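A.B. asks: From just these sequences and the hints, can you work out the full model?
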Amino acid sequence: PCPGPAPLGRAGGAWPAWEPQSPGSKRSPEVRPDFALAGGLDPAACGPARRFPFSPASEPSGEALRCCPAPFLPFSYQESRAKDVIIPAKPPVSFFSSRSPVLDLFQGQLDYAEHIRRDSEVVLLFFYAPWCGQSITARAEIEQAASRLSDQVLFVAINCWWNQGKCRKQKHFFYFPVIYLYHRSFGPIEYKGPMSAVYIEKFVRRVMKPLLYIPSQSELLDFLSNYEPGVLGYFEFSSSPQPPGYLTFFTSALHSLKKDGVLWCCYLLGQSRQDTKRSLHE
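Using UniProt numbering, read the sequence shown as starting at 1 and increasing by one per residue.
Simulated from the structure, these hints should not be mistaken for laboratory data. The structure presented is a predicted model; accordingly, all values stated were derived computationally and were not measured. It is possible that some hints are incorrect.
Only pairs whose alpha carbons sit at most 30 Å apart, straight line, appear in this in silico DSS-like list of lysine-lysine [claimed, not checked]:
#1 Lys83 to Lys169
#2 Lys169 to Lys192
#3 Lys192 to Lys258
#4 Lys90 to Lys169
#5 Lys258 to Lys166
#6 Lys192 to Lys202
#7 Lys258 to Lys169
#8 Lys259 to Lys166
#9 Lys192 to Lys209
#10 Lys192 to Lys171
#11 Lys202 to Lys258
#12 Lys171 to Lys259
#13 Lys209 to Lys258
#14 Lys259 to Lys169
#15 Lys90 to Lys171
C.D. replies: Okay, structure coming up:
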C-alpha cells in the first residue's frame, strides 16, 4: 500500500503536491507528478489520483484538488557494532578503619571468618554491602558496641557484596546489614532489633549469659516478679559442675533467643529442693 499524502515540492517540471484544476485546463486529470520513485516502485501501483471537490465558498466553478502521494524511499542500514567492552569492578576497600575494634574482612573472606569463629567463644558477624545506607549507618553503632565488649566478644565485619568474595558466592541475603551471633558451636542467632549500639550490646550480653543465676530467695522472688514468661530450673552442682540436664537447659535458653530475642530461661542455684518449693508456693 502507498503511504499517506504528503507535500512535495516542484522539481524538474514536476507538479506540486496539489494544484487547482479548472475545467478548461489542457492538463489531463490522469497525469501524475513527474518524479522518480526510489527502489523501482511503479507509480501505477498507487492507483488513479484522488480528486476532492472544493467548497464553493473558497474556490469558484467546481475546481478540484489533485492530491499526490509522497514517494516511498526505501533504504538499507547496516549496523556496525563494536565488541562489548567489560570493565571489571574496582577492588573493594576497607569499610572500617584500621584502628577499629572490628575485624574487617572487606574482600568477603568467609572461610577465614568461619575459621576464627570456631576458635572463639562468642562471635558477632556483621554482613554488609559497602553501598548500603543502612550498613553505613550501622557501622558506627557496631564500632561503639565492639569498643565495650571487644575483650569478651570477637566482632567481625564481612563484605558480602563483592562478586569475587566467597561471602557473595555462598550467602544469598535479601537485605543488608545482617548480624549473626555465635556462642561456641551454637548459632547463628540472628539479631533483628534496632541498629543501635545500646540494643546490640544488650543482646550480645544475653547471648553471652543466657541463664540468670539465682543464689537467694530474694532474687528468686525478684525473678518471678519481673520475668514473664519465665522458665525456672533447679540443678545440684555439689556433685558435678555440669549436672544432668544442665547442658540441655542451657541450649534451650539460646534457642529462645534465636526464636524471639527475649531472655526468659533461668535457673536456681544455692538452695535445697525443699526451700525452692517453699519459695515458689509463697
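A.B. asks: Give a verdict on every hint.
C.D. replies: Here's how the hints hold up against the structure:
1. Lys83 to Lys169: holds, 28 Å
2. Lys169 to Lys192: Judged against 30 Å, a Cα distance of about 24 Å means the pair holds.
3. Lys192 to Lys258: holds, 10 Å
4. Lys90 to Lys169: Given pair Lys90, Lys169 holds - Cα atoms ~18 Å apart, limit 30 Å.
5. Lys258 to Lys166: holds, 25 Å
6. Lys192 to Lys202: Within the cut-off at roughly 13 Å; holds.
7. Lys258 to Lys169: Status holds; Cα separation ~25 Å.
8. Lys259 to Lys166: Given pair Lys259, Lys166 holds - Cα atoms ~28 Å apart, limit 30 Å.
9. Lys192 to Lys209: The hint holds at about 19 Å.
10. Lys192 to Lys171: Holds, because 18 Å separates the two Cα atoms, which is no more than 30 Å.
11. Lys202 to Lys258: Holds. Lys202 to Lys258 sits at ~14 Å (cutoff 30 Å).
12. Lys171 to Lys259: Given that 30 Å is the threshold and the Cα spacing comes to 21 Å, the pair holds.
13. Lys209 to Lys258: Within the cut-off at roughly 14 Å; holds.
14. Lys259 to Lys169: holds, 27 Å
15. Lys90 to Lys171: The hint holds at about 21 Å.
Comparing the model with each earlier hint shows no violations; every hint is respected.
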